[in-house]
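Following the hints, position chains B, C and D against chain A.
Residue numbers (this note's numbering), protein chains in the order written: chain A, 6 to 291; chain B, 6 to 291; chain C, 6 to 291; chain D, 6 to 291.
To be clear, the hints were calculated from the coordinates, so they are not data collected in a lab.
Here the structure is a predicted model, which means the values were calculated and not measured.
Please note: incorrect hints may appear among the correct ones.
For identical chains, the list gives no copy identity; a pair is met inside one copy or between any two copies.
Said to hold, decoys possible - Computed cross-link-like contacts, DSSO-like style, restricted to lysine-lysine with a CA-CA straight-line distance of at most 27 angstroms:
#1 37 with 176
#2 263 with 37
#3 289 with 94
#4 94 with 57
#5 211 with 57
Number of protein chains: 4
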Amino acid sequence: MAKPLRQYEPFYHTNRERLQARVTEAYEQFKKTKTFEFPRWLYGEPLGKLIKVEVEDCPNFGDTAFVEMDSARTAFISVDMQIDFCGEKGYVDVMGYDLSQTAAALGPIEKALQAVRGTDIKVIHTREGHDPDLSDAPFNKVLRSKIIGNGVGIGDIPENGLGRLLIRGQKNWDINERVYPIEGEFVVDKAGKGAFGSSTLHMVLKNLGITHIVICGITTDVCVHTIMREANDYGYWCVLMKDGTGATDVGNHQAAIKSIKMQGGVFGNVTDSERFIRAIQTAKLK
Amino acid sequence: MAKPLRQYEPFYHTNRERLQARVTEAYEQFKKTKTFEFPRWLYGEPLGKLIKVEVEDCPNFGDTAFVEMDSARTAFISVDMQIDFCGEKGYVDVMGYDLSQTAAALGPIEKALQAVRGTDIKVIHTREGHDPDLSDAPFNKVLRSKIIGNGVGIGDIPENGLGRLLIRGQKNWDINERVYPIEGEFVVDKAGKGAFGSSTLHMVLKNLGITHIVICGITTDVCVHTIMREANDYGYWCVLMKDGTGATDVGNHQAAIKSIKMQGGVFGNVTDSERFIRAIQTAKLK
Amino acid sequence: MAKPLRQYEPFYHTNRERLQARVTEAYEQFKKTKTFEFPRWLYGEPLGKLIKVEVEDCPNFGDTAFVEMDSARTAFISVDMQIDFCGEKGYVDVMGYDLSQTAAALGPIEKALQAVRGTDIKVIHTREGHDPDLSDAPFNKVLRSKIIGNGVGIGDIPENGLGRLLIRGQKNWDINERVYPIEGEFVVDKAGKGAFGSSTLHMVLKNLGITHIVICGITTDVCVHTIMREANDYGYWCVLMKDGTGATDVGNHQAAIKSIKMQGGVFGNVTDSERFIRAIQTAKLK
Amino acid sequence: MAKPLRQYEPFYHTNRERLQARVTEAYEQFKKTKTFEFPRWLYGEPLGKLIKVEVEDCPNFGDTAFVEMDSARTAFISVDMQIDFCGEKGYVDVMGYDLSQTAAALGPIEKALQAVRGTDIKVIHTREGHDPDLSDAPFNKVLRSKIIGNGVGIGDIPENGLGRLLIRGQKNWDINERVYPIEGEFVVDKAGKGAFGSSTLHMVLKNLGITHIVICGITTDVCVHTIMREANDYGYWCVLMKDGTGATDVGNHQAAIKSIKMQGGVFGNVTDSERFIRAIQTAKLK
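Extracted from the complex, chain A is given alone in its bound form (with noise of 0.2 angstroms):
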């Protein structure tokens, strides 16, 4: 047996218990309730009114549970639905993928919309994006592009192209029609696959107060899973709304979906818009 490393001694076991009694209280209760019910004692009284979404094989797979959450503190995230992603001569296009994988989210995500605006749940898009000086694009991101795209990358114009792939501010890059944000919601731009190290998500997320975060966009496998597992890091309470996803590849998407509910919800939980929009239309928020 080698030596053993830095230690870390069973130390001060206050605050352990402390914690753990809030969870045996709410273990407890998922069982009669199969809800994970919001937890005030951390949150304090909902702001909003409280909606409660059914989530699909949770604990276990063929199991349904519930997300109880706070409207007012939930934030509805729209991921890169941008044409790059899913529309002609986009960045998704040019690399040759079969569009009707990512388009397939815009009809659930215009469905969800409807329903959540009026109400108080926050809308925040984001966009996927660099500076038209690709200063935030690093340079084997930009050349694997070029790659893959048999010399159109980030940056390029496409043969009757709208614009530079992937660049701010370009027609390519912006938010397809159907989805398009509204007057009182939220757009964040990134320059990553993820949104917390590197733009102002994470700020408006804390600015909002937001707990809870229903996530949807493109693609499933990249952007929006990357930012539900950074989300889900930092203790939000993320669940994924599956129909308002797509991949580049359908294996993908699927596993994307799946690899989310090991582990009990290991990166949170997964519903579809149908039972999102039900849970709202039962709160009446409007």
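Same frame as chain A, but now just chains B, C and D:
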């Protein structure tokens, strides 16, 4: 059509053109050599020896390519090879998953470590785990683990267990003996799936001057992928050593690997231990 | 005139107007009460009791104001009260600075801890220090310390010293007995002056539901200020307990305090232990 | 004596000894040459030319030393030289501060830019400002600004003002003409005082391969210092060009400069435009 959002005028082309000239040069070179050459213009001359690792399904599925790295600026990162994730009475075992999936990574990592040790490649081990007071564990993470573990979650001691699950300092939290760190290697502790926002990993990589990362460990779709995504967003060249990884579900494991290969390498590239070891031997690092 | 850079059109006024309505309301209230009231619209009802801490020179020098906080969501952070910074044979002592400056913080912190202990205010201690392998210590930091220490820097053992300077696990790195953590308090280790990018502090604050921070410790202008700046950028309400701080230079200490007060409180506000303790007593937290 | 906290056994000495050998070598060299030589063992051979910038009060007050940097990996960062901070009807002006303090930085930056332009030193400008919807502005920041501005704060338009204070896209938010970015320079927008956690600055520095930073701008004790602290924590070599800075208070300005010099350079070093320009000329970069 909705009115336009925040604008980014396509201003200041000089820098884009500068970067794109470098990209075009590397692209032309790639077409000839199928190699992502070590970008001297960016990192300078190698400090160690150049090694050339064969990667699969790049740029397209079925293709073979190479990533050239400077041995002295390459980190071999072994993620979370802890008893909690691949050993009996650990966290994953208690949840009821088949250990053979995660334990399968041990052999290839063991072999790769043999090849890497004694060279100037830097070896970094990470460990996921929480402070004994659970202060760095989000409530929902602990709760979910208790539910899926039927009452035995993070911070609890399973029947006949080795210690508190996923808690720093416990036997089960330590690294499996077969791939245990030795003198001269680095160990980074982290509380989340990712490591960039709340551990010293980014600092360590920077202090060591790392440009390229060969990553392995468990689980493929959770911690390995999250760290790879974070590093990739910052421009690190990441290569997954796929047989040195494992997950709680075979399909998720395979999709996690496939997902990396999309878009010409959306999170980096994929190799295996045999090819990685061959590259080290060919370069005669020791 | 040079041509315009990237544009941000003044679009979507709804959210600005919403926030500004809240701001105006709080502004009118402040004019009447000189109090930054606990913003219930944002955080909800208090979970503990409201305490009202008097702060000085706010909004203008000579004025007195109050910051209202929810005891259960207030963190009392004691920064780096380690022997290395305020004790004999520690890091600061070896560099030749007058210990009386930093040690002066001990008394007020001791008193504040007495008042805080037994209430629902969360106590967090931080410690600056490096892994024994120095992997998380930048080369230039170690070099500068060696130069100013005349050959004895970070990682070295001074003559008749207690251990390696600024290294985790060494006696000199530990917290001064007078303000030593007790059961139920939190300890966060960090490698830098700041704590948000590479320690678990941000996680811990989030897991505890903290909205307000009363900060003290050493040194005023270095670690205390850096953490305060980071927290302030994320919208935490920060109040410096000025007599519980100290620096290696009196002028820098005083300017660090003054600097907080500029612009109506650019990094938060300033109080002292007497006023903080009085606020706790008045609220009858225990 | 309280019981011991988490332990870090002084294990694994190899890496510490390796780093310390480098440090000792550099320390011996420094004693002879008073120069922080460009660490080739870490960064490799220079990509541009070496420049040697004289810095003051290092290691002790009254001493003179030199920082050697690779021109191609040096960033000249001009922080927030916006009308909002140094021009009429801007944010600082509305708060009633004497503009001559912050405007004094213009001349030296102008001269330094003349010297830097046409070389391979990278020029980065930052701008503090908020999204027009204020989503990235914490409530307390906006409130404090409204109070100190007697009803005119962030997002408001002062009487006869140029636009909304500190809002992206407004005239007052733009950079002063005298130090306006030109083709080939970089502009990074940020919402906080710091830039590492919520803007693309860290990415940009990494994409450009930066190791050394010469920093100037306004205000000395707020944004300039915060960015310098963040960069310093990650091991960037930072040098403040002191006459190219300014604050809302002379004493704070001077203390901010002095504070950097403590502990042999706790946040880096201090030079002025004359010395910086001389270093560029001596190295014959153009």
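Each hint, compared with the structure:
1. 37 with 176: neither (51 angstroms within a copy, 34 angstroms between copies)
2. 263 with 37: within (25 angstroms within a copy, 40 angstroms between copies)
3. 289 with 94: This pair counts as neither: shortest intra-copy Cα distance 41 angstroms, inter-copy 47 angstroms.
4. 94 with 57: neither (40 angstroms within a copy, 35 angstroms between copies)
5. 211 with 57: For residue 211 and residue 57, the Cα distance is within 27 angstroms both inside one copy (22 angstroms) and across copies (23 angstroms).
The structure is inconsistent with the numbered hints 1, 3 and 4, although it conforms to all the rest.
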